[in-house]
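Chains as they are written, first to last, in my numbering: chain L, 90 to 261; chain S, 24 to 643.
Honestly, I wouldn't trust all of these hints.
Pulled a few chain L residues facing chain S out of the computed Cβ check, cut under 7 Å [stated by the list, open to error]:
| hint | residue |
| --- | --- |
| 1 | E115 |
| 2 | K119 |
| 3 | H121 |
| 4 | L135 |
| 5 | V137 |
| 6 | E171 |
| 7 | S229 |
With a Cα cut of at most 35 Å, we get these calculated DSBU-like pairs of lysine-lysine [said to hold, decoys possible]:
| hint | chain 1 | residue 1 | chain 2 | residue 2 |
| --- | --- | --- | --- | --- |
| 8 | S | K134 | S | K381 |
| 9 | S | K296 | S | K267 |
| 10 | L | K118 | S | K161 |
| 11 | L | K257 | S | K126 |
| 12 | L | K257 | S | K381 |
Note that these hints are calculated values from the structure, not bench results. Yeah, the Cβ is synthetic: ideal placement off N, Cα and C, and Gly gets one too.
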Amino acid sequence: MRFFDLFELPVSFQLDNELLLERYREIQKKVHPDHHASASDNEKLLSVQKASEVNDAYETLKKPLTRAEYMVAEHGFDVRHEQHTIRDGMFLMQQMELREELEEIESATDVEAAFDRFYSDVKQLINEYTAKFESEFNQSSFESAADAVRKLRFIYKLKEEAQLLEDKLLDF
Amino acid sequence: MALLQIAEPGQSTNPHEHKLAIGIDLGTTNSLVASVRSGQANVLPDAQGRYHLPSVVHYGANRTIDVGFDAKANAENDPENTIVSVKRFLGRGLKDINETYGKLPYTFVEKENTVNLLTSQGEKNPIQVSAEILYVLKTQAEQTLGGDLMGAVITVPAHFDDAQRQGTKDAAQLAGIKVLRLINEPTAAAVAYGLDSGQEGIVAIYDLGGGTFDISILRLNKGVFEVLSTGGDTALGGDDFDGKIVQRILANAGVTEELSAKSLRKLADLGRKIKEQLSDVDSVDFNIDIESQQLTGSFSKADFEAVIADLVKATLRSCRRALKDADVEKEQILEVVMVGGSTRVPYVREQVKAFFGKEPLTSIDPDQVVAIGASIQADLLVGNKPDSDMLLLDVTPLSLGLETMGGLVEKVIPRNTTIPVARAQEFTTYKDGQTMMAIHVLQGERELVDDCRSLARFVLKGIPPLTAGIAVIRVTFNIDADGLLSVTALEKSTGVESSIQVKPSYGLEQNEIADMITASMTNAKEDIQARMLREQQIDAVRMMEALETAMTEDNAIVLDEERVVIEQAIEQLKQATQGIDGQAIKQAIKNLDDTSQPFAARRMENSIKRALTGHSVDKV
Chain L
90 MRFFDLFELP
100 VSFQLDNELL
110 LERYREIQKK
120 VHPDHHASAS
130 DNEKLLSVQK
140 ASEVNDAYET
150 LKKPLTRAEY
160 MVAEHGFDVR
170 HEQHTIRDGM
180 FLMQQMELRE
190 ELEEIESATD
200 VEAAFDRFYS
210 DVKQLINEYT
220 AKFESEFNQS
230 SFESAADAVR
240 KLRFIYKLKE
250 EAQLLEDKLL
260 DF
Chain S
24 MALLQIAEPG
34 QSTNPHEHKL
44 AIGIDLGTTN
54 SLVASVRSGQ
64 ANVLPDAQGR
74 YHLPSVVHYG
84 ANRTIDVGFD
94 AKANAENDPE
104 NTIVSVKRFL
114 GRGLKDINET
124 YGKLPYTFVE
134 KENTVNLLTS
144 QGEKNPIQVS
154 AEILYVLKTQ
164 AEQTLGGDLM
174 GAVITVPAHF
184 DDAQRQGTKD
194 AAQLAGIKVL
204 RLINEPTAAA
214 VAYGLDSGQE
224 GIVAIYDLGG
234 GTFDISILRL
244 NKGVFEVLST
254 GGDTALGGDD
264 FDGKIVQRIL
274 ANAGVTEELS
284 AKSLRKLADL
294 GRKIKEQLSD
304 VDSVDFNIDI
314 ESQQLTGSFS
324 KADFEAVIAD
334 LVKATLRSCR
344 RALKDADVEK
354 EQILEVVMVG
364 GSTRVPYVRE
374 QVKAFFGKEP
384 LTSIDPDQVV
394 AIGASIQADL
404 LVGNKPDSDM
414 LLLDVTPLSL
424 GLETMGGLVE
434 KVIPRNTTIP
444 VARAQEFTTY
454 KDGQTMMAIH
464 VLQGERELVD
474 DCRSLARFVL
484 KGIPPLTAGI
494 AVIRVTFNID
504 ADGLLSVTAL
514 EKSTGVESSI
524 QVKPSYGLEQ
534 NEIADMITAS
544 MTNAKEDIQA
554 RMLREQQIDA
564 VRMMEALETA
574 MTEDNAIVLD
584 EERVVIEQAI
594 EQLKQATQGI
604 DGQAIKQAIK
614 NLDDTSQPFA
624 ARRMENSIKR
634 ALTGHSVDKV
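From just these sequences and the hints, can you work out the full model?
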């Protein structure tokens with residue numbers, strides 16, 4: 090089952106999140122096991138499977154990164170489980186700079202301001218590569234689109250690391 | 024022509040009637056049972072008009088088993104045989120219990136897959152003790168409602184892990200209760216609160232009970248209760264507040280020797296009394312004999328707040344984590360609902376208020392709201408409200424993963440994923456010719472295997488001997504709507520499959536449960552055979568009715584040849600239901616179920632399309 094089809098949405102990175110949520114709820118009201126609790130064993134099983142599928146589809150489309158990953162995977166470039174080395178020199182340089190910035194936060198005089206700066210840099214990069222992904226995807230250059238998604242994965246990973254560090258430094 | 028069937032009073036199998044269903048809050052300190060009657064959800068009182076049952080079980084010397092108030096009265100005289108707060112031991116290992124709770128007035132016996140409590144009636148495991156409590160609640164409900172129950176929704180702390188959930192379900196089975204669903208306590212509270220207040224928006228449920236703490240962040244929207252995140256601690260509650268008071272008193276008095284079970288129980292009761300009184304007064308005097316000593320003194324509110332400060336702070340840390348996981352700011356929270364008896368402590372209320380920056384809601388009964396919410400869900404699940412739009416979307420509280428090389432955990436399902444969920448992960452062999460693979464399932468947030476809870480281990484055999492890294496093993500985790508896990512593993516090139524219903528490291532095997540049911544004094548009185556037959560008959564009637572309704576509603580998608588075989592299968596089931604052979608009915612149910620499977624699948628797809636068509640029309 091194609092995720093966009095399930096919610097009757099066009100295959101597009103630009104997505105109306107409210108509409109997605111609304112349709113997700115409507116579908117779950119039909120398929121969720123709570124609405125098949127007194128049904129036969131087969132139907133119960135069917136309902137659990139369908140509800141799991143719908144949850145998965147919703148989770149995937151809801152977030153920009155997983156949505157982009159899914160979109161390129163549909164065209165044969167599954168970047169989610171691959172071991173791939175990025176050779177783009179400029180990107181690697183950007184990554185190194187961001188990593189240094191993250192490492193220096195701990196010794197910054199104003200930690201919160203340093204985090205703010207870091208997140209704003211990350212956001213800029215995310216916007217840049219998201220735009221790249223979209224334009225490549227729309228031109229059906231799926232290989233280049235997948236390349237942009239790989240880079241986005243790196244950036245989001247770094248953002249996650251920053252959040253863990255933030256938890257640690259700001260009294261969690 | 025079929026003969027007219029006349030049911031015994033109170034045992035009607037007519038599916039059109041209001042079906043009896045209950046919600047049970049199986050608490051650490053107290054348990055309650057509620058039901059929806061005439062559209063109104065209420066907690067059911069016992070014969071003496073009391074609304075709660077102390078979660079205490081006493082195993083008497085003369086083979087009697089007392090539950091509730093009578094058992095509680097024995098706690099001080101016969102502490103070894105009076106099991107208090109048994110919920111804390113469910114699904115736990117001995118090491119775990121000792122580390123978490125310290126000295127307790129019981130003799131624990133560690134078995135291969137359970138930890139038993141030694142009583143005057145022999146060894147009892149926590150599942151059996153819990154079943155005694157559930158049995159009393161069930162019986163009480165049947166007497167009040169006047170009929171057979173279709174089933175029950177039982178609540179569990181949101182942060183309960185797989186072993187604790189499975190243990191709860193097994194206890195219900197032992198007590199002869201059909202579990203419609205396990206739901207999380209804060210979610211149940213949100214249902215009761217949401218339906219009562221009609222509020223829509225984001226709410227936080229702060230649930231501090233006798234032994235557990237949960238925080239859940241939910242979004243309420245037109246009957247949909249969507250849990251955004253949940254956090255908590257299954258070993259933090261009012262009992263721990265009592266324990267801190269006792270520790271302080273003993274430390275001040277310089278008592279260091281081993282204390283008897285009687286003294287431990289006396290002290291725990293003293294701690295609880297002091298805590299409760301400090302809600303209203305600033306200082307409490309005490310005078311207690313333990314062993315050969317007399318302890319006297321006074322305990323002030325300031326002392327109390329000092330000893331529990333760290334525990335309360337820990338709950339707020341969970342709140343912050345839950346907000347972050349939900350991606351919600353404090354300012355977006357419409358209401359903070361206080362649930363659980365321990366939220367009566369003024370210091371807890373003050374701290375929660377300071378954290379969220381708003382007055383928490385304390386006007387709803389913190390003891391009853393969970394049972395009431397559970398009963399509303401039970402009413403829905405048995406089909407009393409076919410047109411209801413209510414929907415509960417809950418999440419899994421803990422991440423699930425697999426052990427990989429080097430004692431590391433690879434997460435497969437992160438915490439706060441909406442359930443039900445199915446996720447697969449692929450692995451490969453690391454040695455040439457490897458034909459077996461050990462699969463170790465873990466639950467928890469940490470990266471190292473040793474820091475997570477081990478849920479189950481199993482071995483996938485029959486992998487074709489290939490070069491390392493060639494065989495692909497796909498491991499699929501399924502978490503159902505009860506939050507229970509099952510795992511299957513499949514080798515892709517050969518299709519060798521290995522599947523397990525995750526059997527927790529501490530729990531009962533299905534045959535052990537069956538043996539216990541047969542052996543148990545309470546259930547032997549009932550004619551199990553007759554009971555099973557009645558259940559089969561009810562199931563059969565319900566199924567035929569549901570299918571007939573479905574075929575009328577979706578008449579257009581029933582294939583002609585399909586209609587013939589389904590109708591035949593219905594006729595067979597009807598005949599079987601007239602008889603007294605339970606096995607034959609079961610077989611006929613299965614047959615009808617299989618026959619109608621393709622239709623059911625088509626109907627499900629159709630319902631999705633219809634749900635969306637309605638919307639597309641709205642949008643145009």
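Indices of hints not satisfied (ascending) = Numbers 6, 7 and 8 - these are the hints that the structure violates, sorted from lowest upward.
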